[in-house]
Amino acid sequence: MGFRIRPPKGLAFLLLIIAVLVLFLTGCASNDPQNALTPVGPVGQMEAGLFTTIFWIAVVVFIIVEALLLYTVFRFRRRPGNDGMPAQTHGNTALELTWTIIPVLILVGIAVPTLTTIASASNIPTGPNALKVGVVGHQWWWEFDYPSQGVVTADELHLPVGTKVALTIQSADVIHSFWVPKLGGKMQAIPNQVNQMWLQADEIGTFDGQCYQLCGTSHANMRFKVIVQSQADFDKWMADQKTVPAKPTAAEIAKGYQVFTTGPCVGCHTIEGTDAKAKIGPNLTHFGSRTTIAGAIMENNPQNLAKWLEDPPAVKPGSLMPNYHLTKDQVTALVAYLESLK
Amino acid sequence: MAEASLAGHLEAHEPETTTGLNHRKVLMWIFLGSECLFFGSLISTYLIYRNRSLVGPFPQDTFDIPYTSVSSFVLLMSSLTMVLALAAAHRRNLAQMRLWLLTTALLGTVFIGGQVYEFTSFVNHGLSLSKNLFGTTFFVLTGFHGAHVTVGVIIMLSLVFNSWRGGIKEGETLGIEIAGLYWHFVDVVWIVIFTVVYLLPY
Amino acid sequence: MATAEHTTATSHPKHRRFGGIWSWVFTVDHKRIGILYLVTAIFFFLVGGLEALLVRSQLAFPGGTVVGPDTFNELFTMHATTMVFLSLMPMSVSFFNIVVPLQIGARDVAFPRLNAFSYWVYLFGALLLNSSYLFGGAPNAGWFGYANLTELPFNNATHGIDFWVLGLQVLGVSSMAGAFNFLVTIVNCRAPGMTFMRMPLFTWMTLVTSFLLVFAFPVLTVGLIELMFDRFFGTNFFNPAAGADPILWQHLFWLFGHPEVYILILPAMGIVSDVLPTFSRKPLFGYPVVAYSGVAIGFMAWGVWVHHMFTAGLGPVADAVFSLTTMLIAVPTGIKIFNWIGTIWGGTLNMKTPLYFALGFIAMFTIGGLSGVMLASPPADWLEADTYFVVAHLHYVLFGGTIYGLFAGIYYWFPKVTGRMLDETFGLIHFWLMTIGFNLTFAPMHVLGMDGMPRRIYTYPTGMGWDLWNLVATIGAFTIGASILVFVYNAMSSVRFGKRAGADPWDGRTLEWMIPSPPPDYNFVQIPYVHGREPLWLEKHPETGLGHGHPVPVPIAGGAPELGEYANGGPTADDLGIHLPDPSYYPFIAALGLALTFAGLLIGKAPPPSWMSVVGLLCLFYGVYGWIFEPVTGY
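Residue numbers (our numbering), protein chains in the order written: chain Y, 1 to 342; chain V, 1001 to 1202; chain G, 2001 to 2635.
So here's chain Y without its partners, still in its complex pose:
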């Protein structure tokens, strides 16, 4: 018993594999939000370029080896006409040398651009034209600081287009990993360690990132947005972020201000212009200006914010912000206040 595969079927088999490969390739470089092979900045481009080079070399090797394997099996399988004792070949030194040296040469071909790309990627820009950004990973949200401007925000990183950005990456608790696939490679955020990398975004738009190192229950919910703007728009955003919100007077909003400043919120959050100065949770000073909330897992709108405030762990399992069993009125007021913080 057993199958017998005749040559035409084997060829069809090989063609099938290649067809599947092609199908994959269409999925590889696409416009998906976190696709790594269509980057919009120089760092990402050199890394993706190197990946692509190595990929195609690998494809060639793959085709050669697999075709050779399939051919050998079909040609030398036992069948009437190929049934006897084969020559008991031991080896062949020339072949051994060949198939040692050729892979080494291929690897050298991969090693050289590898080394140059490592050098370029590690060349962190200093100097006044580079924007300094501090990234701090928390369970399960991202803090973004602009030390030169004295601005602290969360889960939304604004960058001016075409500008070199020098990032320092740290963690407040466990190991996380920071990655915006459209801009460049990832880097771990490790407590007690300051990692550095540089990025540059050459296109205006919104790009997605998330945490890539298992960091606990809501590792999957630790996302963020990168908003790349023109220099003018970025400057305006920065100016807005630097302003201290005034104490609100409008009814509902003032009520929310009351709830916030007299409630447990001040134990974890900072809002400039109030007495809330704690740094355990995200800085909420310009919360209303953000496009997403809760680790960029929901759009920032009143309904979602209400859902969050009513029961944070239900929205984000394991959330360190507990359920404070706020009343409906308190929630409505808080929503009004927070969304007013533009």
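No lab work stands behind these hints: they were computed from the structure.
There may be inaccurate statements among the hints.
[As the list claims (entries may be wrong)] Pulled a few chain G residues facing chain Y out of the computed Cβ check, cut under 10 Å: (1) ILE2337; (2) ILE2341; (3) GLY2342; (4) ASN2350; (5) MET2453; (6) PRO2519; (7) TYR2585.
[Said to hold, decoys possible] FRET-style restraints, in silico, Cβ to Cβ: (8) Y/ALA314 to G/THR2462: 46 to 56 Å; (9) Y/PRO125 to G/TRP2432: 36 to 46 Å; (10) G/ASN2156 to V/PHE1119: 27 to 37 Å; (11) G/VAL2495 to Y/PHE24: 34 to 44 Å.
Just so it is clear, the structure is predicted and the values come from calculations on it, not from any experiment.
Note that CB positions come from ideal geometry on N, CA and C, so glycine has one too.
Chains V and G: place on chain Y using the hints.
Below, chains V and G without anything else, positioned relative to chain Y:
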């Protein structure tokens, strides 16, 4: 660690081995190889965290080098007595062998006792497992070494007891030799620890 | 063990004998211990597979609700830990046990009781680890358990990590004891005339793997001890507040972890290196090169660990150096693949299931190796690390590689162990269903990875472009499950009703095919004298000569009957005057004591030790002392 009828039996009709070396001896060498990696990892951890404690007590304020030198010397001498025990076994003088094995065990115990005293005084000066990186790495490294010495002492005493019962025949040296390998290794590890932890300047 | 034994004049204690199940519990026979390992490893393969199917079910659709995040984290942690430590490694060890003594012409391993001890420690460690499910929750920080997520402040809702730390230490004892045993066995128990260069390749790879085990596990043990001390005794090894570096854990773990992956692949490569020549009817092409490349891999395995840490920010110099060493290790690996193709080239291929799996190994492992080269370049790795690209890579090498190799071994050696053939038709159904399912599951993961899907996320939103391939992967996973069911059915029915196999159903080349199937407990009537590589082939087909001026073939088992089963069970060891080691209960007791000592730490963190640890220690001492002083009646 071959004793009793096992050792006797083995050497009565020692099976041929491909290398000519006894199985148990090869096993001990391989085991000691793995122990190199074990202690190597602990020592590496110590070295990585050297001078990184955020709070004291710090090593330079804690160590009493002359004291530890004496206890190191004691351990070193125990290797000498181990060699003498093996020599006595070769010379078929079981009584002498037992004497030197006992001395080895005694010296090992003195070493451990010295460490207990030393560590107690460290603790009294505020150093603990959880105090800082120094306490953590120091006590775990030396603690595991001390545990190995203790196991060695138990082995020595077992050999003495067994010989006393007539379990070791005259001329049988394999068990003593293998125990000796282990003992010398533990001693060498201490020399490394003493140098790297105590003697290197902070 | 060497030539024919003799009885001593002094009286021997009566042979210890146990009946029924106790003959299995107290056995020290390598063949039985090998069967125990194999059955247990296959059981845990099913457990790990079930965990995988639950993971894939949760990820089949965006926003899945099959399991919650904490359970999901436990599932993938246990899936990997189970597969690596409770299934793949023990399955390799089962073959070390069953096959290596036969291949080197020995009656048993160097330390039969240590062998039994290794198995029982494995079983108890496996039970300890899995009991975490019953006592609050399984470990949930990944099979690699990065600090400081595993430290108490971030992980004390359940005791899962404690179970993990203790269970792995127990399993480490088992692995190391086994490795010690096989090292001494291969070095010291070879039949006369069997030089290293005449050993079958599977034995060679067992030798290299054993060295890797001996040196790699202590490093893991130290890492686990340090984590255990942090959690149990308040030390600061991975406590950033005290100034510690969580990255130390990564170094210790991967210094173990990278040699570990070679521990996982080399035995399977050894199996493939034995299967291909047998089924091609010609010798392994480039035997010395294949053997030495295995040794080279064993050495180079120690110099590449940082490639698991390219995103940890160690700096360009470290990244560059380890990138080069990692690329270098691809060379001996590739050489093996070419030599395997050279083996089948020009042969007359016997297209049976073992060969299919060996060929599948080459095909799948090549893909895994190529994705490995893509991971070896740090800038490319910065895009691939911690995404599904790595999941794809690791499964192509560990499943397409190791598991395919192990299945080749199962189909190859099943007749030797049981005396019956596995059904060939079901074997091929298993192979094709598994190959289709496997590729459906893991090939798309390369795409998912480059499309930015992270590892270890319990769910994902729609709109990321990940929906289709996740569904395909899940379908593939269930297809794999179906193929395993086919295999299990085949195995269970063939054990009882399979076609009877003679001593040499495959026209084998190495010594194990010389003795009856299943082998008698003494293995060889007379220890053979080995004249060359592939001694059995030399004897059967002297006309193939195999060059090197081989002498006129001498019957390698003087006076042995024809190759085949004995009509009425054949002579016993006593008939032949062969001393075999008696069964013993001390290894079992010592293993139980060891497990209890560790498990007891879960009840009460010493000092003082809990009652369970005290009982365990007493048990351990009793077991060890009994073992040392036990009258030995074998060898």
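Hint check results:
| no. | hint | verdict |
| --- | --- | --- |
| 1 | ILE2337 | holds, 7 Å |
| 2 | ILE2341 | holds, 6 Å |
| 3 | GLY2342 | holds, 7 Å |
| 4 | ASN2350 | holds, 6 Å |
| 5 | MET2453 | holds, 7 Å |
| 6 | PRO2519 | violated, 27 Å |
| 7 | TYR2585 | violated, 43 Å |
| 8 | Y/ALA314 to G/THR2462: 46 to 56 Å | violated, 20 Å |
| 9 | Y/PRO125 to G/TRP2432: 36 to 46 Å | violated, 55 Å |
| 10 | G/ASN2156 to V/PHE1119: 27 to 37 Å | holds, 29 Å |
| 11 | G/VAL2495 to Y/PHE24: 34 to 44 Å | holds, 41 Å |
Hint compliance for this structure: hints 6, 7, 8 and 9 are not met, and every other hint is.
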